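Dock chain L against chain S, hints included.
Number of protein chains: 2
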Amino acid sequence: MKRRDVLTAGLVGAALPLAAPALAQTAPELRWRLHSAFPRNLDALYGAAEMFARLVGEASDGRFQIETSAPGSQAPALLDAVGAGGVEMAYAPAYYEAGRDPVYGLATAAPFGLNARQQNAWMLQGGALDLFNEIFARQQLYVLPGGNTGTQMGGWFRREIKGVADLQGLRFRIAGLGAQVLAKLGVAPQSTPGPDLYAALEAKTLDAAEWIGPYDDEKLGLNKVAPFYYYPGFWEGGAMLHFWFNAQKWGELSKNYKAIAQSAAAQVNVDLQAKYDARNPGALRRLVGGGAQLKPFPQEVMEAALKAANEIYAELSAKNPDFKRVYDSLKAFRNEEYLWFQVAEYTYDNFMIRARARG
Amino acid sequence: MKRRDVLTAGLVGAALPLAAPALAQTAPELRWRLHSAFPRNLDALYGAAEMFARLVGEASDGRFQIETSAPGSQAPALLDAVGAGGVEMAYAPAYYEAGRDPVYGLATAAPFGLNARQQNAWMLQGGALDLFNEIFARQQLYVLPGGNTGTQMGGWFRREIKGVADLQGLRFRIAGLGAQVLAKLGVAPQSTPGPDLYAALEAKTLDAAEWIGPYDDEKLGLNKVAPFYYYPGFWEGGAMLHFWFNAQKWGELSKNYKAIAQSAAAQVNVDLQAKYDARNPGALRRLVGGGAQLKPFPQEVMEAALKAANEIYAELSAKNPDFKRVYDSLKAFRNEEYLWFQVAEYTYDNFMIRARARG
Numbered sequence: 165m166k167r168r169d170v171l172t173a174g175l176v177g178a179a180l181p182l183a184a185p186a187l188a189q190t191a192p193e194l195r196w197r198l199h200s201a202f203p204r205n206l207d208a209l210y211g212a213a214e215m216f217a218r219l220v221g222e223a224s225d226g227r228f229q230i231e232t233s234a235p236g237s238q239a240p241a242l243l244d245a246v247g248a249g250g251v252e253m254a255y256a257p258a259y260y261e262a263g264r265d266p267v268y269g270l271a272t273a274a275p276f277g278l279n280a281r282q283q284n285a286w287m288l289q290g291g292a293l294d295l296f297n298e299i300f301a302r303q304q305l306y307v308l309p310g311g312n313t314g315t316q317m318g319g320w321f322r323r324e325i326k327g328v329a330d331l332q333g334l335r336f337r338i339a340g341l342g343a344q345v346l347a348k349l350g351v352a353p354q355s356t357p358g359p360d361l362y363a364a365l366e367a368k369t370l371d372a373a374e375w376i377g378p379y380d381d382e383k384l385g386l387n388k389v390a391p392f393y394y395y396p397g398f399w400e401g402g403a404m405l406h407f408w409f410n411a412q413k414w415g416e417l418s419k420n421y422k423a424i425a426q427s428a429a430a431q432v433n434v435d436l437q438a439k440y441d442a443r444n445p446g447a448l449r450r451l452v453g454g455g456a457q458l459k460p461f462p463q464e465v466m467e468a469a470l471k472a473a474n475e476i477y478a479e480l481s482a483k484n485p486d487f488k489r490v491y492d493s494l495k496a497f498r499n500e501e502y503l504w505f506q507v508a509e510y511t512y513d514n515f516m517i518r519a520r521a522r523g
Numbered sequence: 165m166k167r168r169d170v171l172t173a174g175l176v177g178a179a180l181p182l183a184a185p186a187l188a189q190t191a192p193e194l195r196w197r198l199h200s201a202f203p204r205n206l207d208a209l210y211g212a213a214e215m216f217a218r219l220v221g222e223a224s225d226g227r228f229q230i231e232t233s234a235p236g237s238q239a240p241a242l243l244d245a246v247g248a249g250g251v252e253m254a255y256a257p258a259y260y261e262a263g264r265d266p267v268y269g270l271a272t273a274a275p276f277g278l279n280a281r282q283q284n285a286w287m288l289q290g291g292a293l294d295l296f297n298e299i300f301a302r303q304q305l306y307v308l309p310g311g312n313t314g315t316q317m318g319g320w321f322r323r324e325i326k327g328v329a330d331l332q333g334l335r336f337r338i339a340g341l342g343a344q345v346l347a348k349l350g351v352a353p354q355s356t357p358g359p360d361l362y363a364a365l366e367a368k369t370l371d372a373a374e375w376i377g378p379y380d381d382e383k384l385g386l387n388k389v390a391p392f393y394y395y396p397g398f399w400e401g402g403a404m405l406h407f408w409f410n411a412q413k414w415g416e417l418s419k420n421y422k423a424i425a426q427s428a429a430a431q432v433n434v435d436l437q438a439k440y441d442a443r444n445p446g447a448l449r450r451l452v453g454g455g456a457q458l459k460p461f462p463q464e465v466m467e468a469a470l471k472a473a474n475e476i477y478a479e480l481s482a483k484n485p486d487f488k489r490v491y492d493s494l495k496a497f498r499n500e501e502y503l504w505f506q507v508a509e510y511t512y513d514n515f516m517i518r519a520r521a522r523g
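These protein sequence lines are chains S and L, in that order.
Converting from the first sequence to this note's numbering requires adding 164 to each position, the first position being numbered 1.
Converting from the second sequence to this note's numbering requires adding 164 to each position, the first position being numbered 1.
Okay, chain S solo, but in the shape it has when bound (with noise of 0.2 angstroms):
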């Protein structure tokens, strides 16, 4: 009788589990904390952080456990807190440290960079996440993907858009690299915090506001006071989420733990794109239900920020090897992907969607 076979003797039609493995006596015991950038009531956002937790807890019969919590008002220091040691990791997206160095805003997305499934291919096939963790070594960081929110939407305007002259003096609340492409283009880029647009709107000390997706956005509320739902948001065509680790505590990892926590956080990556893609499509009706207008981006705006980032990526590129070298990765990957992507993929949503407008 072979060893699998003893294992498994006179178990046949009963539901009892093996003995659970003797490694909960045994395996070497960790708790670390994991702060989040988002607030709970995020919910698709904070629980991909619990859902980490959770993975890993399983996987490792509970000896590896991960507190997470969401800081608040400390977020800006997210990842100083993780590079030097106090606590051992975070979960956020790069770009929110793209004012330490703008290299890091390509981790997440660029403008008129790759979309979500790109990103991904890019990151663990076009040796992308490497060139990463070789720059973010310097600063103690050590980094995986964490998950996508997809193609995000280009936010709320209390009045339409009908080329670059109305986006004039703009009050517009948008970060990172976004932000410098349509400051090239008039706008006046603001950092009102999430929790604060609903109220600056309706002020009408904001003239618009970009934040997320429909499920995400739906629980702001704007539509009551910028109701012009704008798209496509080209500043983030696939925005990716991080887990971040002290890049010390992650080398002393054992063998093991470190693969729990590389297959954990891809599968919170696939469940947190699934979870927006299943969970977008009814909080559009219901905003649409609720007074926004939905609306795309006059093709005058889109050409002029393309042109607009083009110039920035030019400078950027000038004066930071870190930057250039990883924005010639990411451009000379996204020609080779919409090349291929405009073949089978894109030619089959395209007939999907027509299909699906007649009916």
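Everything labelled a hint here was simulated from the structure, so no lab data went into it.
Do not rely on the hints blindly, as some may be mistaken.
Where chains are identical, the list cannot tell them apart; a pair therefore holds if satisfied intra-copy or between any two copies.
Said to hold, decoys possible - DSSO-like cross-link-like pairs, simulated, lysine-lysine; straight-line CA separation at most 30 angstroms:
id : residue 1 : residue 2
1  : 495       : 383
2  : 495       : 459
3  : 419       : 326
The model shown is predicted, which means the values in this text are computed figures rather than measured ones.
Frame of chain S, contents of chain L only:
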């Protein structure tokens, strides 16, 4: 001093890992076999099963070992072997089993069904995985998603297809629900095995053959004997692969081994799609360089095929309650998904594709 501090004391700045977890001496040892439906030379697909085995091995510190193999000619009986417990696992797309029940086809890809991202969303967040597992459990099978090829190509044709008339009597290698759809349009579906396609097309005993996409198709060299390369493979808008478990063996796994297997499958899921997305563009370039002539299916063919598919869905739903339940779920989910995808995702990709074409 806290336990964590004890564990890491003295390691600051050093490359020493924590002591390997002692679970190696105590966790239950499992040695499973996994039969792949794909031969080793289809390295992305065979590699997905190998990656799963490696990840489970690493996460369990070598205690849960899975041996992968490609039984080849036994392939049609793969899931019978898993259901009977003769082998614990298989890696195969569910639609290879559409002959036993067409509902299996829907777990991989339905003609005019979901694209790859939507298939994940439906499975993981739309209730489909639970539906399938309820149905598959009757045959002692438990399934997890294990990757996707993305939208496949429509295949290689010896002569041009200008309309439905050109499909009459066409000997086309195609299987599953796609074959049933095309049969309604006059095609004579053939089940020629992959390795024999080149010879059959060269000998003109076959007029056309669909396989997968550029990366896998390139290995067969079909561009030399059937130069017209059609897209999209509308019967596979996103073809999902699956990990299959004997349901009883799955149920007997400890909670942490289940968690390890689920996360490992998810990591393969995201990685296989990334692999195809990263490798297809270069293969497509080489194929076109080698004489392949890219052609979209005529609109007339797409429309006629959609009509035929809807007739087949109505027929199958009328006589197969499982099929009806799953197809109704898929149809409702697809309607919602394309409502959303046509807004931000599609508009973004559309702009990017046009911008790329202009340089």
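Tell me, which hint numbers fail for this structure? 3
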